[in-house]
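A.B. asks: In terms of the working numbering, the sequence shown opens at residue 1 and continues consecutively.
If you're looking for bench data, these hints aren't it; they were derived computationally from the structure. All values reported here derive from a predicted model rather than from experimental measurement. There could be a bad hint or two in this list.
[To be verified] No more than 35 Å apart at the CA atoms, straight line, and that leaves these computed lysine-lysine pairs for DSBU-like:
#, residue 1, residue 2
1, K49, K35
2, K71, K57
3, K49, K18
4, K71, K49
5, K35, K46
6, K57, K35
7, K18, K35
8, K18, K46
9, K57, K46
10, K71, K35
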Amino acid sequence: MNDFLFQERLAEEYRREKMATAEEYNRFAHLFESKVTIFTYRILSKLGKILENMGCKMRARYENLLALQEKQNALPTPIK
Numbered sequence: 001m002n003d004f005l006f007q008e009r010l011a012e013e014y015r016r017e018k019m020a021t022a023e024e025y026n027r028f029a030h031l032f033e034s035k036v037t038i039f040t041y042r043i044l045s046k047l048g049k050i051l052e053n054m055g056c057k058m059r060a061r062y063e064n065l066l067a068l069q070e071k072q073n074a075l076p077t078p079i080k
């Protein structure tokens, strides 16, 4: 049984909760940090979002590709 969508939804909800917690923390943490640190944080968070999106796209692309290859290149049944 393939529960990929269920696992993906669980992971997405987990990420959403963690992002909300981080935003709540960062709202108050920035009051005491320097501008350079804030700038670096924003750049790294944008980079993280970009990398995560690229990873999701690559996984979807290559999972479909591998599924097609498995379907086309099915192993022959052994001779008894």
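A.B. asks: Checked against the structure, which of the hints given earlier come out wrong?
C.D. replies: Violated: hint 10 alone.
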